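I would like the entire structure built from these sequences, with the hints used as guidance.
The residues making up each chain are set out below.
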Amino acid sequence: EDQVTQSPEALRLQEGESSSLNCSYTVSGLRGLFWYRQDPGKGPEFLFTLYSAGEEKEKERLKATLTKKESFLHITAPKPEDSATYLCAVFFGNEKLTFGTGTRLTIIP
Amino acid sequence: DTEVTQTPKHLVMGMTNKKSLKCEQHMGHRAMYWYKQKAKKPPELMFVYSYEKLSINESVPSRFSPECPNSSLLNLHLHALQPEDSALYLCASSQDGGAGGYTFGSGTRLTVV
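Here the protein sequences line up with chains P and U, keeping their order.
Just so we're aligned: 75 in my numbering is position 64 of the first sequence, and the numbers increase by one with no gaps anywhere.
Just so we're aligned: 439 in my numbering is position 83 of the second sequence, and the numbers increase by one with no gaps anywhere.
By construction, these hints were calculated from the structure, which means they are not laboratory data.
These numbers were taken from a predicted model, which means no experiment stands behind them.
Any given hint might turn out to be false.
Now the in silico label distances, taken between C-beta atoms and shown as ranges [what the hints assert, rightly or not]:
id, chain 1, residue 1, chain 2, residue 2, range
1, P, Ala64, U, Asn413, 29 to 39 Å
2, U, Ala395, P, Lys70, 25 to 35 Å
3, U, Glu359, P, Ala21, 21 to 31 Å
4, U, Met371, P, Lys90, 35 to 45 Å
5, P, Glu66, U, Gln451, 14 to 24 Å
6, P, Pro19, U, Thr372, 21 to 31 Å
For every residue, glycine included, the Cβ atom is placed at its ideal position computed from N, Cα and C.
This is the structure in structure tokens:
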């Protein structure tokens, strides 16, 4: 069965302390990998789409990268407003997005 | 318009009530989805509509009944729910069945009492 695993489950960082979140998947025929940000009680907000190994996308303090079996979301010099749950999701071409369990990120001022 | 709009934002209903959740998008997306999300868990797929036809039902209990009146609207009819059905219900849409990603609404927080 296709699986998507995110680590760590939770991460607390000091403001300005850079780190990376991981999303690994066991699947063949990956059609796309997506990163979303979700604030409590809100719907997921789209961040990035990655389609092939070696691809990178950047937005402000966030950078997403993709290899054949995993993706990283790098956060550089985070601010408290970056606190949220970050979800990765994988699309296999079957009309379904399979979500990972998410990483709850807390940035401490 | 690049949004998916869900109403109501909050809903409290008794176990004998009938209520409906509504979702609307005007992006011309051909697929629409219902997801259920419990606290600290990822969204779980419930239903997929493609070109206004139900294409996937993830073995959802019949007390949840989806409806797609047209290409812009998606409803979820609720009847005889249980307290464990309390959750955040998310609607999403995609232009191409998912390869380009989904756009999510802000959700309806449902509480069953």
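To see whether the hints hold, each was checked on the structure:
The beta-carbon spacing between alanine 64(P) and asparagine 413(U), approximately 34 Å, falls within the hinted interval of 29 to 39 Å. In this structure the supplied range 25 to 35 Å holds for alanine 395(U) paired with lysine 70(P), their Cβ-Cβ distance being about 28 Å. Range check, glutamate 359(U) to alanine 21(P): Cβ separation about 30 Å, and the 21 to 31 Å hint holds. One distance hint, 35 to 45 Å for the beta-carbon pair methionine 371(U) and lysine 90(P), holds here, with the actual separation near 44 Å.
Our hint of 14 to 24 Å for glutamate 66(P) and glutamine 451(U) holds, since their Cβ atoms are close to 20 Å apart. With their beta carbons about 43 Å apart, proline 19(P) and threonine 372(U) fall outside the hinted range of 21 to 31 Å.
When the structure is compared with the earlier hints, a violation turns up for hint 6 alone.
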